[in-house]
Amino acid sequence: AAGVIQSPRHLIKEKRETATLKCYPIPRHDTVYWYQQGPGQDPQFLISFYEKMQSDKGSIPDRFSAQQFSDYHSELNMSSLELGDSALYFCASSLVGGLGSGANVLTFGAGSRLTVL
Amino acid sequence: GEDVEQSLFLSVREGDSSVINCTYTDSSSTYLYWYKQEPGAGLQLLTYIFSNMDMKQDQRLTVLLNKKDKHLSLRIADTQTGDSAIYFCAGNHGSGNTGKLIFGQGTTLQVKP
Numbered sequence: 028a029a030g031v032i033q034s035p036r037h038l039i040k041e042k043r044e045t046a047t048l049k050c051y052p053i054p055r056h057d058t059v060y061w062y063q064q065g066p067g068q069d070p071q072f073l074i075s076f077y078e079k080m081q082s083d084k085g086s087i088p089d090r091f092s093a094q095q096f097s098d099y100h101s102e103l104n105m106s107s108l109e110l111g112d113s114a115l116y117f118c119a120s121s122l123v124g125g126l127g128s129g130a131n132v133l134t135f136g137a138g139s140r141l142t143v144l
Numbered sequence: 022g023e024d025v026e027q028s029l030f031l032s033v034r035e036g037d038s039s040v041i042n043c044t045y046t047d048s049s050s051t052y053l054y055w056y057k058q059e060p061g062a063g064l065q066l067l068t069y070i071f072s073n074m075d076m077k078q079d080q081r082l083t084v085l086l087n088k089k090d091k092h093l094s095l096r097i098a099d100t101q102t103g104d105s106a107i108y109f110c111a112g113n114h115g116s117g118n119t120g121k122l123i124f125g126q127g128t129t130l131q132v133k134p
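Residue numbers (our numbering), protein chains in the order written: chain A, 28 to 144; chain B, 22 to 134.
I should point out that these hints are in silico values taken from the structure, not numbers from a laboratory. Treat the numbers as computed from the prediction; the structure is a model and nothing was measured. Be aware that a few hints might be false.
[As the list claims (entries may be wrong)] With beta-carbon atoms standing in for the labels, derived distance ranges: (1) S32/B x Q68/A: 31 to 37 angstroms; (2) G129/A x S94/B: 22 to 28 angstroms; (3) R90/A x G36/B: 28 to 34 angstroms; (4) R36/A x F30/B: 24 to 30 angstroms; (5) S32/B x T45/A: 28 to 34 angstroms.
Backbone N, C-alpha and C fix where the C-beta goes; we use that ideal spot for every residue, glycine too.
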């Protein structure tokens, strides 16, 4: 079965540079989520999109932006990178439309590891 | 806001049962989830429980929920070396079934042969 695809898997950048991470959700999933996991930390919710519209926002820095495109893939753009941005960035997707009161089961990608030097 | 706490480390012998505990503060979470993360890998959903249930069993996994005490546990029967990983409990933020999850710090399970 198709999973959530993230690219690149590894990325090394210098401070103050810009990075873009891409996420391809499971086909027919209508919602995409971005999470950040620092070294030895738990994942922190950044932002989500439902049907290409931002649906929820968490602790996402102003230097970061994201969008979901017409083909449902999503990109996370990070500018003016700081050392503290070094983390594993997860994308997840789920099918929310028609969910009702059922569990919203997120499927996570393998993550993109960003290292800022 | 929601706070989820877990013990950080658990070591068991192969074949024993493992019990990973979690406490949470936000009783409005509709569902509570258990995820497994192997080194350098993504988060794999193991199981979840609806907040109105008190137990759910799925093969070797048993989830117990004490809503009064806001305590969640994951029991793994006949623990294998392949179960060595970090286990996260998570609740959805607020009511409903939003995918905005609040994770605990993770419990590292070490299984000794």
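Against the structure, the hints come out as follows:
no., hint, result
1, S32/B x Q68/A: 31 to 37 angstroms, "violated (22 angstroms)"
2, G129/A x S94/B: 22 to 28 angstroms, "holds (23 angstroms)"
3, R90/A x G36/B: 28 to 34 angstroms, "violated (49 angstroms)"
4, R36/A x F30/B: 24 to 30 angstroms, "holds (28 angstroms)"
5, S32/B x T45/A: 28 to 34 angstroms, "violated (43 angstroms)"
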